[in-house]
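K.L.:
Sequence:
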Amino acid sequence: MPPASYTPGARSKKRKSLTLLSRQSLLPENSRRKSTFLSTPARSTKRRQTTAGPSIYPPSAGLFSLTPSSAGGASGALAVPGSSNGLVTRRSMTPSSIQPSRNVDPRPLRERRYQEMIQAEIQSFLLENEYEQTSGMSITENTWKNPTQRDFTTMFKFIYKKFDPTITFDKPVESDFFVLLKILEYPYVDTISRTQVNSVSKSNWPTFLGLLYWMVTEAIGTFEIDINDELSMDDEFDNEFDKITLRLQKNSYVSFLEGGEDNIDQFEFQMISECTELESKMNQELENHDNHEQELRKEYELSYVQLQEIEEAKKKAAALEIDYDKLDEYNHKLEQNRIKSVQILQRINVDVEETNSQIKQTDDEIEKVKQQLQEKNISIDDARKLLITRDNLLEETKLAEVRCAEKQNEVNQRRQVLYKESQNLHRTINSFNNEIEKIDSNDYDLRLSMNEYLSIPSQSFDESQILNKPFDTILVELETCGNTKMTSLQNHQQQNFKLETQLRANNEEYKRISNLLEESKVNFTNKVQEFERRNRLCNEQLELDKSEIRSLEQNITNEIIRVENLREEINQQYSSMVQLQKETKENIPYQLKGMVYQCEQMAKFAVDSINSLGNLTEFVDLFEDTEKLD
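Residue 578 in the UniProt record's numbering sits at position 578 of the sequence shown; the count goes up by one each step and never skips.
No lab work stands behind these hints: they were computed from the structure. If you're wondering where the values come from, they're calculated on a predicted model, not measured in any experiment. Just so you know, not all the hints are guaranteed correct.
Said to hold, decoys possible - Pairs of lysine-lysine residues, derived as DSS-like cross-links and limited to a Cα-Cα distance of at most 27 Å, are as follows: (1) Lys-593 to Lys-250; (2) Lys-162 to Lys-145; (3) Lys-182 to Lys-171; (4) Lys-182 to Lys-157; (5) Lys-315 to Lys-145; (6) Lys-161 to Lys-171; (7) Lys-250 to Lys-585; (8) Lys-243 to Lys-593; (9) Lys-485 to Lys-511; (10) Lys-585 to Lys-243; (11) Lys-370 to Lys-360; (12) Lys-521 to Lys-511; (13) Lys-370 to Lys-385; (14) Lys-314 to Lys-145; (15) Lys-498 to Lys-511.
Based on the sequences and whatever the hints tell you, model everything.
P.N.:
Next comes the structure, spelled out in structure tokens:
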């Protein structure tokens, strides 16, 4: 079945059947002359009027029906002359009864494939109706994966304007959300909570996605139906009934004026036959309409199945295309490997040929060596002994090379140790030189360094030749420099005493300035306290203002509640007025019947009066003749 909630046959299921009163109820009770006539003015306006814009309420499925007055709810009735209890009741079109909303949404909103399908439908509807140009928001893949509150409210307002173009959202959608859903008659409103409306996120997005899809399908399914055709057909049958009624009234009135007594029954039977014929025609039209709807439904279902098959075929074609690309890539790799294999085989063949030629060349050299040995009178055994001797010498040479390598490793290790010690000595000398630089020793050459010839590998030296000068000389110079520095220190101490005296005087001046600063600090603290006191007063006034604002907000809320209650009272009064109007319309036939009875009595009184006047005239004439005779 298609996923759309609206189907072409939904209206035919809700349509009420058209019925007429039986012919026996329209037949006269007796054949005496009926002096009753009910004049019903012709309708100057249609029973229904359609507005120019689309309504937010779904169109009614039913047309109208002819039912007995006992069915109730009639908008008007015609009393047929000659029938005391037969009333042809014509009921206007009323909206079909709405089924109560279900608490559970049967749609598979949590399934990924269903979500992708309805997302595509919603996106197609929005793009076709220029959603991005109108709202200024673009639809991307992230819109469906990570929806926001703004995305949902913007889509909701845009689709809702398709139902009611005149609506203006002055307040946030969240405040009137459930009122709008009740106006739309959304069947799954119980599945949405106010908390979800105020925080639309990825977790509750399927619920709102189902709502948007329902609105889209309702907008498409409702407004794609040609409502004018249905109303025009309805008005056509209304006009036919009006013509039959007016024709009966006209013929009855003319017959009454002409004094005809036998034509009333003929008019009644003619009306019955015309109503029966019109009923058959209406039933035939409805049957044709239902058949057409069934055909459209079948075509729709067939198209939907074909669409699903096309989608599956597209997916399979895409998968086949991917498989074909992989196969083509695999064949390409095989072709490259085949070419590489041919090249490798060629190289192997070349290597085999070269190896064979080398083997042949080696055999030739062996033959030459044998000939040379024979020429030198050396036997094969002697040559083998020489080879064994050569192998022994080679082994001894290898052992000597191993011992030499061990000695070389030992030398390298000692060289590394010497290098590390040299580096440590360098660091110590650098540290000593840095300490010397901190001392003002320009008059003494106390810096140390290593002699340059130490880097020559073949040069031998002892410990006294490592530094550029003897260390004892450095110690003597350091002692002399220390004595000089001590004398300078004593001089500095005397100067320091003088500076301390000056510092005490400066401290006294500092205390005096500190006292002044304390006084300034006290004054500043007083000013800060005064500022804090004023700030506290301002905060208290601000709290008072906030409380007044809260009270105003509470008053506004109370006014809103009062307005809502007043609106509900008005709606209840309107419903009671509609019920009163309905009851009044139901009582009209009985009032008309009473008026007919009064008219009959008045007509009878008029006839009796005319007869009485005729008798009186004859009596007067007779009286005058009698007087003349006297």
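K.L.:
Would you mind marking each hint as holding or not holding in the structure?
P.N.:
Evaluated hints:
Among the hinted pairs, Lys-593 with Lys-250 is consistent with the structure: their alpha-carbon atoms are about 19 Å apart, no more than 27 Å. At roughly 25 Å between alpha-carbon atoms, Lys-162 and Lys-145 fall within 27 Å of each other, so this suggested pair holds. At roughly 18 Å between alpha-carbon atoms, Lys-182 and Lys-171 fall within 27 Å of each other, so this suggested pair holds. The hinted pair formed by Lys-182 and Lys-157 meets the criterion: a straight-line CA distance of about 15 Å does not exceed 27 Å.
For the hint linking Lys-315 to Lys-145, the alpha-carbon distance of about 22 Å falls within 27 Å, and the restraint holds. Straight-line distance between C-alpha atoms of Lys-161 and Lys-171 comes to about 15 Å, which keeps the hinted pair within the 27 Å bound. With a C-alpha separation of about 24 Å, the suggested pairing of Lys-250 with Lys-585 holds against the 27 Å cut-off. For the hint pairing Lys-243 with Lys-593, the CA-to-CA distance comes to about 22 Å; that is within 27 Å, so the pair holds.
Under the criterion of a C-alpha separation no larger than 27 Å, the hint pairing Lys-485 with Lys-511 is inconsistent with the structure, at around 37 Å. Straight-line distance between C-alpha atoms of Lys-585 and Lys-243 comes to about 22 Å, which keeps the hinted pair within the 27 Å bound. Restraint check for Lys-370 and Lys-360: satisfied, since their Cα atoms lie roughly 15 Å apart, inside the 27 Å limit. For the suggested pair Lys-521 and Lys-511, the alpha carbons sit about 15 Å apart, so the restraint of at most 27 Å is met.
Using a Cα cut-off of 27 Å, the hinted pair Lys-370 and Lys-385 holds, with the two alpha carbons roughly 15 Å apart. Using a Cα cut-off of 27 Å, the hinted pair Lys-314 and Lys-145 holds, with the two alpha carbons roughly 24 Å apart. Using a Cα cut-off of 27 Å, the hinted pair Lys-498 and Lys-511 holds, with the two alpha carbons roughly 20 Å apart.
In terms of the numbered hints stated before, the structure departs from hint 9 and from no other.
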